[in-house]
Amino acid sequence: DAKTTQPTSMDCAEGRAANLPCNHSTISGNEYVYWYRQIHSQGPQYIIHGLKNNETNEMASLIITEDRKSSTLILPHATLRDTAVYYCIVTSGNTPLVFGKGTRLSVIA
Amino acid sequence: DTGVSQNPRHKITKRGQNVTFRCDPISEHNRLYWYRQTLGQGPEFLTYFQNEAQLEKSRLLSDRFSAERPKGSFSTLEIQRTEQGDSAMYLCASSLTQVEYNEQFFGPGTRLTVL
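Here the protein sequences come in this chain order: S and H.
Going by the working numbering, the letters in the first sequence line up with residues 1 to 109, in that order.
Going by the working numbering, the letters in the second sequence line up with residues 110 to 224, in that order.
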């Protein structure tokens, strides 16, 4: 079973920031938080990952709480092409990924 | 295109037939994973390889499912005596274990429909 809890769906206005929450209260000390997304009819795509510090790349920012029990993925300026299912995954090392149902983000014009 | 490729993209078969799917990973990626995804669900892990060695196969859904990666490059997933419940998207992913983080690159998937 997935070790994360995410809202089923969210809406975001185009051009605004999309903030996607994830709870992972049972995360272990050596486990990272990963985010993937899946656009309709495509395979999942890696977005970002982090251990305990906040991370930023060209796609998104990841904010992890100090106790590491939750995190937020931020898409700073959502576009229509960001409409997808977003998966928060807790994992260590190069191991098979355990996906939950994710959050279906709809970006609205 | 240097991404993960999967063939065929779509497969329609009749119940009881055998099907085989192929995955070509990114060149030099030593890990290869197979996942299955049904409608409305996230991908579900099935099996994975490091080079030609199959590291985990207990998650294969039944003994009708088998996978191999004979030369450590491409992989095949076979389903024997297909059932309607096997209808799903079958995804392949590859990664490089020399990289410290778990970035898996997914292919576009093979959509199986069993009639």
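What the hints contain is simulated information worked out from the structure, not anything from laboratory work.
These figures come from a predicted structure and were not determined experimentally.
Using N, Cα and C, we set each Cβ at its ideal position, and we do this for glycine too.
One should not assume that every hint holds.
To be verified - In silico contact screen, one side only, chain H against chain S (beta carbon under 10 angstroms); selected entries:
#, residue
1, Q115
2, D172
3, T206
Checked hints:
1. Q115: Constraint on H/Q115 satisfied, holds at 8 angstroms.
2. D172: Because about 20 angstroms separates H/D172 from the closest Cβ in chain S, which is outside the 10 angstroms limit, the hint is violated.
3. T206: holds (5 angstroms)
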